[in-house]
Amino acid sequence: MTDFDFNVIWSSLPFLWQGLQLSLLLTFLSIIGGIVLGTLLALARLSGIAPLAIVAATYVNLIRSVPLILVIFWFYFLVPLALGRPIGGFYSALIAFVLFEAAYYSEIMRAGIQSVKRGQVHAGQSTGLSYWQIQRYVVLPQAFRNMVPILVTQGIILFQDTSLVFVVSLRDFMTASSIVARTEGRLVEMYLFAALVYFAICFSGSMLVRSLKSRMAT
Amino acid sequence: MNYNWNWGVLFEEQYLNWLISGFGWTISVALSAWCIAIVIGSLVGVGKTVPNKVIRGICATYVEIFRNVPLLVQMFIWYFAVPEMLPEDWGRWMKRDLPNPEFVTAVVALGLYTASRIAEQVRAGIETVPPGLSAAATAHGLSTAQTYRYVLLPISFRIIVPPLTSEFLTVFKNSSLALTIGLLELTAQSQQIAEYTFQGFEAFTAATVIYVCIALVATILMQVLEKYTRIPGYVGKEA
Amino acid sequence: MIDIENISKWYGDFQVLTDCTTQVAKGEVVVVCGPSGSGKSTLIKCVNGLEPVQQGRISVDGDDVTAKGANLTALRSRIGMVFQHFELYPHMSVLENLCLAQEKVLKRPRAEAVTRAEKLLDRVGMADHAAKFPSQLSGGQQQRIAIARSLAMDPIAMLFDEPTSALDPEMIKEVLDVMVELAQEGMTMMVVTHEMGFARKVADRVIFMDNGAIVEDRQTAAFFDNPESERAQDFLSKILDH
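Protein chains in written order, with my numbering: chain A, 1 to 218; chain B, 1 to 239; chain C, 1 to 242.
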């Protein structure tokens, strides 16, 4: 059993912090993009317009059956090809995450929209609100509210998922930890430290979910 | 978009073999991990509901740890860190003599991770059984173990079949993380073909189609299972 | 004002409305009653197009509700509707509940919408509760606010779908009082209700429905004093006995 060397963590903190910032930024932007696109997909599926619903459902089911790593590979390959020039790893990763997570968020939002009672839609209709106004002011705010705990839970999963940009060497927290681990030859300390940091963030997140749930239950 | 299509590349013997071998590893990792996950997940899930506080605490800790650390980090810890942390003899054995170390590590890491998710489903399943039933079982003179064996588990396992379907699909998708420790499963093979041939489109499409087929088959299997285990008149699919 | 001509409606194979015809004149108050499942709620929901009909024609103030491509949103904004379960928006304050459609549909400036809302809240006796959320109020209070919300749109007619049947008995009166006052002011009203006291007091006509069909459609006094059909007699004896 090797001796632990915690100095290696201490001295590489600035480098790791940069990585963590990238992880958090990627998480934040992907959550926003994923929820927006996911909500649109959910609305499309519930729109009652058959072609729109079928396209959205196919997209969601397709994305949900493939691994995220494969999706990341896809977009690292596709995005530069489609744009005719490279746009940098971060944006390729961001596009992959938004498109991937949107499929999961759309299932959450679909459940959320369906949890709003039909009477609420009738009430909106009876005062002459249009379809979009009803969605915008009546249905979606309530759907979001009902789904907040699950949306946050999905956010925690997304944060964990961002570690997978390791496969394309984008310098997030995981990749940064791994670089230090290899160059310093301190695999045990660095990977345990990485686990600890992820745990602290995700566990706080699940505590938040728990308190949100109990507050909503009352 | 400038791209030279060549679907034929997928049927060249070398690359076809890569895909088949990748498919084989994906299936082996996923199914082996699933077996570990079901056993440990059930035990831990039950453990979270028993009256004994110590057992409950241990099981809750297990779930929190394995659920709140990314699978990739867990995979690296099992592969790189654990051999260093064990007594020297064991560590050396793991590094040198363990057959197929990438496969074994991937199965263990994925199995234990998935177990934490299954444990939550099992716990939730047990908690949805009306408390009156276990009270009735106790009143009949059944012991705690018997109550679980004959009343709680048979009901709750049927309840959790639908949510388990999605976990079952997830285990196949998550098996792709084995590529990070060098196991050439399906995703890795498609990436490798893309690099060798520059036919990324064809290679990734092949992998995507295979994953979709796996998902379809897995869904059908679970639906059959659900049909055979459903209790007539009891909580339906929607509940 | 409201013209219902020979409408029929099916849910799949099941016929919920059979050839219903009636009119509501301007300023008239019509009560629709009948056993549960008789189609009375469905009928009233057809009037503002919340439920589509497969046959027949409904027009409100000369505009065809049932025509293909009818501008339902414009039409609905002129007909108020009050629901059994109030359907206040739970995520908005009372004031916002009253202002939303005023601002988004009628395009009233904020200040005007607020003034109008406050005036109506005062009228239904809820002026002190403008800042509260629906879940902080009793059912009777919520229903009075729902009525105010409809009135804020300056409707030419009001539809009530069992407005008191989800209320505790002690709250029914406060809601009925508001409705009586409205009726006496000359509002055109179509009310689905079991409150026969209310019907006797303010209704000009009573429509009795059973099995999706209009069985009786008569002046209030005539309906109560000598109902023609056996089913209406039966219904009245059951509902008036207690």
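These are computed hints drawn from the structure, not numbers from a lab. For clarity, every value in this text was computed on a predicted model and none was experimentally measured. Note that the Cβ used here is the ideal one computed from N, Cα and C, for glycine as well. Warning: the hint list may mix true and false statements.
[What the hints assert, rightly or not] Covered stretches of chain B, as calculated for chain A (at least 3 residues, CB under 8 Å):
| id | region |
| --- | --- |
| 1 | 27–34 |
| 2 | 47–56 |
| 3 | 80–87 |
| 4 | 131–139 |
| 5 | 144–150 |
[Stated by the list, open to error] Pairs of lysine-lysine, BS3-like flavour, derived with a Cα cap of 25 Å:
| id | chain 1 | residue 1 | chain 2 | residue 2 |
| --- | --- | --- | --- | --- |
| 6 | C | 201 | C | 173 |
| 7 | A | 213 | B | 53 |
| 8 | C | 173 | C | 238 |
| 9 | C | 68 | C | 119 |
| 10 | C | 107 | C | 119 |
| 11 | C | 104 | C | 119 |
| 12 | C | 132 | A | 213 |
| 13 | C | 104 | A | 117 |
| 14 | C | 238 | A | 117 |
| 15 | C | 26 | C | 201 |
| 16 | C | 132 | C | 173 |
[What the hints assert, rightly or not] Sample of chain A residues lacking proximity to chain C, with all beta carbon distances greater than 10 Å (derived):
| id | residue |
| --- | --- |
| 17 | 24 |
| 18 | 40 |
| 19 | 77 |
| 20 | 80 |
| 21 | 129 |
| 22 | 183 |
| 23 | 217 |
Quick one: which hint numbers does this structure break? Sort them smallest to largest.
Hint check: 1, 2, 4, 5, 9, 14 and 21 fail, others pass.
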